[in-house]
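Visitor: Now for the letters of each chain:
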Amino acid sequence: MARKDFLDIVSLERSEIIQLLDQAEPFKDLFTRSVKKVPALKGKTVLMLFYEASTRTLSSFEVAAKRLSADVTIFDVPHSSVTKGESVRDTIDTLQAMRADYIVVRHRLSGQPAAIARQTNASVINAGDGAHAHPTQALLDAFTLREVYPEMEGRKVLIMGDVLHSRVARSTSTILTKLGVEVAFCGPGSLVPQTRFRRFTNYDEALRWGPDAVYLLRVQKERQEASFYPSDREYHAVFGITEERLKRLSDEGVYVMHPGPVNRGVELCDGVLDYERCLISQQVENGIAARMSVLYGLKPQLS
Amino acid sequence: MNIALSPSDISMAIQRLAEEILQAADGGEIELVGIRRRGDEVAERVYELLKERGAQVRLGVLDISLYRDDYEHLSSNPTLQSSEIHFPVDGAYVVLVDDVIFTGRTIRSALDALFDYGRPAKVDLAVLIDRGHREIPVEPRFVGQVLNTRREERVVVHLEKTDGKESVSLITQ
Numbered sequence: 001m002a003r004k005d006f007l008d009i010v011s012l013e014r015s016e017i018i019q020l021l022d023q024a025e026p027f028k029d030l031f032t033r034s035v036k037k038v039p040a041l042k043g044k045t046v047l048m049l050f051y052e053a054s055t056r057t058l059s060s061f062e063v064a065a066k067r068l069s070a071d072v073t074i075f076d077v078p079h080s081s082v083t084k085g086e087s088v089r090d091t092i093d094t095l096q097a098m099r100a101d102y103i104v105v106r107h108r109l110s111g112q113p114a115a116i117a118r119q120t121n122a123s124v125i126n127a128g129d130g131a132h133a134h135p136t137q138a139l140l141d142a143f144t145l146r147e148v149y150p151e152m153e154g155r156k157v158l159i160m161g162d163v164l165h166s167r168v169a170r171s172t173s174t175i176l177t178k179l180g181v182e183v184a185f186c187g188p189g190s191l192v193p194q195t196r197f198r199r200f201t202n203y204d205e206a207l208r209w210g211p212d213a214v215y216l217l218r219v220q221k222e223r224q225e226a227s228f229y230p231s232d233r234e235y236h237a238v239f240g241i242t243e244e245r246l247k248r249l250s251d252e253g254v255y256v257m258h259p260g261p262v263n264r265g266v267e268l269c270d271g272v273l274d275y276e277r278c279l280i281s282q283q284v285e286n287g288i289a290a291r292m293s294v295l296y297g298l299k300p301q302l303s
Numbered sequence: 001m002n003i004a005l006s007p008s009d010i011s012m013a014i015q016r017l018a019e020e021i022l023q024a025a026d027g028g029e030i031e032l033v034g035i036r037r038r039g040d041e042v043a044e045r046v047y048e049l050l051k052e053r054g055a056q057v058r059l060g061v062l063d064i065s066l067y068r069d070d071y072e073h074l075s076s077n078p079t080l081q082s083s084e085i086h087f088p089v090d091g092a093y094v095v096l097v098d099d100v101i102f103t104g105r106t107i108r109s110a111l112d113a114l115f116d117y118g119r120p121a122k123v124d125l126a127v128l129i130d131r132g133h134r135e136i137p138v139e140p141r142f143v144g145q146v147l148n149t150r151r152e153e154r155v156v157v158h159l160e161k162t163d164g165k166e167s168v169s170l171i172t173q
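Sequence order for the protein chains is A and B. Each residue of the first sequence is one higher than the one before, starting from 1 at the first, in the numbering used here. Each residue of the second sequence is one higher than the one before, starting from 1 at the first, in the numbering used here.
Simulated from the structure, these hints should not be mistaken for lab results. Just so you know, even glycine gets a beta-carbon here, dropped at the ideal spot from N, CA and C. Be careful, since some hints might not be right.
[Unchecked claim] Just the calculated beta-carbon pair ranges, DEER-fashion:
no., chain 1, residue 1, chain 2, residue 2, range
1, A, R33, B, P78, 15 to 21 Å
2, B, E84, A, R248, 37 to 43 Å
3, A, E151, B, A121, 30 to 36 Å
4, A, R14, B, P137, 56 to 62 Å
5, A, E13, B, D69, 55 to 61 Å
6, A, R14, B, P78, 50 to 56 Å
7, B, R154, A, S54, 20 to 26 Å
[Said to hold, decoys possible] According to the in silico footprint, chain A covers these stretches of chain B (three or more CB under 8 Å from chain A):
no., region
8, 41-53
9, 96-104
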């Protein structure tokens, strides 16, 4: 029996993750055809409910839903009655009356998608909630890594940067761990909490650990109330991929990933984007396939 | 359970399909496209026979899960496998191959899927077994064996590569 909702990675069985990854492959094959669309969700309605700005994730979901032949409506929150004071609960009742089959939610509060899921028969997909989870990002990250390392067991991934504010760090480290990948965090002491994972506060020391891929997190200026590091320039010098570090990654054959959008001159120098083992654009392409796999795998509880 | 076809009956039926397809193609190129699951194995075996006879033939596989018309009635969506069509479909002579034709709905879905790859010059249909009871106007041009069945009976096909044994049986519910 298929799940109704897709809210986080923690509650997924390893076998479910593998199935979602396997299923993303035939979807990716479609992208090279002239007709990139299949009729799987013909007549279904996917509603995008983004309480937080996001161009990339929103368009990725939109393309994914359209390639499955679903009808997509974007509930334009900044211009909606939400700004007139409507509560999330009332909004969901409205959407329920519109008979949406799938609701894709992004919200700045952790747990809001789960609360919505309990209130509706539609399938709810978490597109990022606070610092809690970003499960479709995790799925596309795992898919991308699996493309270069079909045997993931025992591989090492270093997640670099602002771990504290990052739902990506949380979801991606969880999925990788479930797939047998060893994960470590590295970043400024103020931005890397103590967790069960190995923790580095020095970049070069972290590289000696021998990661197969370095996953750069975006420095989230909009999410930081206080200043956790002195300046962009200093962050780049201490924790960014500089030209010299890129050389070292290249010598050791280390892959580079990033959830986007990148801050050039902060997390990475321009050269990284031309680096042959840079997987950032594959991540974007795979994001569509991974989201198609999620949409296809869920079952709304509708009549 | 009744065994309807023995391994040698199945081989003969596949021989027959190859023979008829060869005649129909009249020396032209043939793109065989097997429908998962088991249609692909039938197609592969026809392909081997056509190869032996020196025909110009290529083999592809179609997974039609995304084109089915019965999602609403399933508790979970069918597991996807990839389609493998590594030749241009535009202008080609395509022979769709399936193990059994029953209502014809699978073939309708397969045609939808195929046409998303391109616009073939001509499409024919080859089936190992025609068990009757069509619900839409789709008829195979090449038939390995006709089986007379009742609507409620089930035809179960086992093929060597997919199932490790070879038989066609009729099950009365």
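Visitor: Taking the hints in turn, state whether each one holds.
Guide: Outcome of the hint check:
1. R33/A with P78/B: 15 to 21 Å: holds, 20 Å
2. E84/B with R248/A: 37 to 43 Å: holds, 40 Å
3. E151/A with A121/B: 30 to 36 Å: violated, 44 Å
4. R14/A with P137/B: 56 to 62 Å: violated, 46 Å
5. E13/A with D69/B: 55 to 61 Å: violated, 30 Å
6. R14/A with P78/B: 50 to 56 Å: violated, 21 Å
7. R154/B with S54/A: 20 to 26 Å: violated, 49 Å
8. 41-53: violated (count 0)
9. 96-104: The restraint on the region 96-104 of chain B is violated, since only 0 of its residues have a Cβ under 8 Å from chain A and three are required.
Checked against the numbered hints listed earlier, the structure breaks hints 3, 4, 5, 6, 7, 8, 9; every other hint is satisfied.
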